[in-house]
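Chain residues, written in single-letter form:
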Amino acid sequence: MISSFPPDSVGLVTPRMLRFDEPLPLDCGRTLPGFELIYETYGALNADRSNAILICHALSGDHHAAGYHQADDSKPGWWDTSIGPGKPIDTRHFFVVCCNNLGGCNGSTGPVSINPDTGKPYGPDFPIVTVKDWVRSQARLADHLGITDWAAVIGGSLGGMQAMQWTIDFPDRIRHAVVIAAAPRLSTQNIAFNEVARQAILSDPDFHEGHYYERGVIPRRGLMVARMLGHITYLSDEGMRTKFGRELREGKLNFHFESEFEIESYLRYQGHSFVGRFDANTYLLMTKALDYFDPAADFDNDLAAAFRQAQARCLIISFTSDWRFSSARSREIVKALVAAKRDVSYAEIPSTQGHDAFLMPIPRYFETFTAYMQRVAGEVSHDAILAKT
Amino acid sequence: MPSLLRPDLKIIGDWIRPGSRILDLGCGDGALLAYLREQRQVSGYGLEIDADKITRCIQAGINVIHTDLEAGLSDFDDDSFDYVLMTQTLQTVRHTERLLDEMLRVGREGVVTFPNFGHWRCRLQLALGGRMPVVKTLPHAWYNTPNIHLFTIRDFEQLCRDKGIQLLKCLVLDHAHRLSPGLQLFPNLLGEVALYHLGRP
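From first to last, the protein sequence lines are chains W and A. Quick note on numbering that gives the first Met the number 0: the first sequence kicks off at 0 and runs consecutively. Quick note on numbering that gives the first Met the number 0: the second sequence kicks off at 0 and runs consecutively.
If you are wondering where the hints come from, they were derived from the structure by calculation, not from laboratory data. Everything numeric in this text was worked out from a predicted model, so none of it was measured. Honestly, I wouldn't trust all of these hints.
As the list claims (entries may be wrong) - Some chain W residues flagged as far from chain A (calculated, every beta-carbon gap over 10 Å): (1) 23; (2) 24; (3) 119; (4) 139; (5) 168; (6) 170; (7) 251; (8) 256; (9) 290; (10) 291; (11) 301; (12) 314; (13) 333; (14) 340.
Unchecked claim - Quick list of in silico lysine to aspartate or glutamate cross-link-like pairs, DMTMM-like style, CA-CA up to 20 Å: (15) W/340 - A/69; (16) W/334 - A/77; (17) W/334 - A/69; (18) W/334 - A/173.
Note that CB positions come from ideal geometry on N, CA and C, so glycine has one too.
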């Protein structure tokens, strides 16, 4: 069966679960007594453990970044376009690690996990986690894997924010950061969109203040609306127009409120399928992590001062049609890195795919990304590869 | 546009103090920055708009920042570089004067190279042929040239004088970017490429 995977796929992968018993202090002031992280790895760690790459996922991502869990999976991991033999993050050179973040709903400790104090799911009692908390937990994962420093930490959107935070919080543990379609902090408008998404969930009668698990329901409508709203911000006006236009599903106006335009049908489909795979409490947490992210805040709102902590060399990439985190936001990051006298390269990629472009194999994007990763690969030892971890 | 050839790399390198911070406007494939990094231990960035050249810089491990120079250098603070370089770029930009100002705002000193439109071949082609000159340093036809501001060495020096920009050093080269002593006698007539080291007003 394995031979049926594309040659540039990492093939079948199996997630691993790791239990951490040492308490994790969180930014909110609370402490997680212990936690679990689910993660996947692709490629092999080299002998001096210098070729490890951490992939950080975005709002609705998880640990399954590449490959397939089963031979008959309809889709590979969420960033399979970029990870695999011959792809920008080339698994012939790198040992790639991706974990589901704390507060997630795909295996790592989060609202759906059992709270050891109550024997019931945490639900809304799960602490609000921040990007810094995630980075701290990812460092624990690196410790466990015997990785003293990452060859690179890479992420798009909220994942790019984690890569930035890594450069500031653990400057001697990250050699390169690749920050794609990100922002140094959310704009007022970004927070406003997140708030509408949260209100959709919070006002759903099935939400029950977050204690919906024990009632056997989920705030389906709220989560669906939140996802539909999010999806609009992931696409560009032009991209939507090209893909859906004003096409009517039945070719005529029906004067009712069922889905008539193709875009309505698309958004409803996206919303529906999301409800089946994502938890509403996690969605609330992830949007808060986005809203709270602000590395400059610890340095008198001076982002350059924050980056003066960093040593990593950085690649920043943005997309012309991304209005959620526009190129201007990436240039703010670049400006601060230059002011901090850090090594940085920046490329703005023409695209019509909006914020979602970071997941797409756009040739210009991949040329830049690949060129950078080949430099990173050139710096790591290609000595005997350790056994697959 | 001819890329930088070794002789002018060396001249520019000789003008630059080791260990300086450099901003290279229109850095192309990063050859100058790579040379200066190796020979003069400089640090800094190249600014480039062409995607293929950006990729080549990244392949070479040169810091490159995708920038449209026409939009100015507002992302860079005053005095943030020891030198701002602009090789074979000044004649391609629309806002020439503003970019010169920006250059010496961001950098304490500047290095500029440009094709000299006052070279005798250009003069001859225009005077006798009645056509816009096409020469080795300006190889494009008038309708497809990226060189939208053509000027002579005397024009450039006049602009610098008007603006109070100091002309610290000047050399002219031939079309193969070679230095020959004879050229310096009548630079505006014999020089095909001009190199200037500029200081703030």
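How the hints compare with the structure:
1. 23: holds, 36 Å
2. 24: Residue 24 of chain W is indeed farther than 10 Å from all Cβ atoms of chain A, at 36 Å.
3. 119: Residue 119 of chain W clear of chain A: closest Cβ-Cβ about 51 Å, beyond 10 Å.
4. 139: holds, 32 Å
5. 168: holds, 23 Å
6. 170: For residue 170 of chain W, whose nearest Cβ neighbour in chain A is about 18 Å away, the distance exceeds 10 Å, so it holds.
7. 251: Given a closest Cβ separation of 45 Å, the condition holds.
8. 256: holds, 45 Å
9. 290: holds, 26 Å
10. 291: holds, 26 Å
11. 301: With a cut-off of 10 Å, residue 301 of chain W remains clear of chain A, as the shortest Cβ separation is near 13 Å.
12. 314: violated, 7 Å
13. 333: Violated, since 6 Å does not exceed 10 Å.
14. 340: violated, 7 Å
15. W/340 - A/69: violated, 24 Å
16. W/334 - A/77: holds, 13 Å
17. W/334 - A/69: holds, 17 Å
18. W/334 - A/173: Roughly 38 Å between the alpha carbons, so the hint for residue 334 of chain W and residue 173 of chain A is violated.
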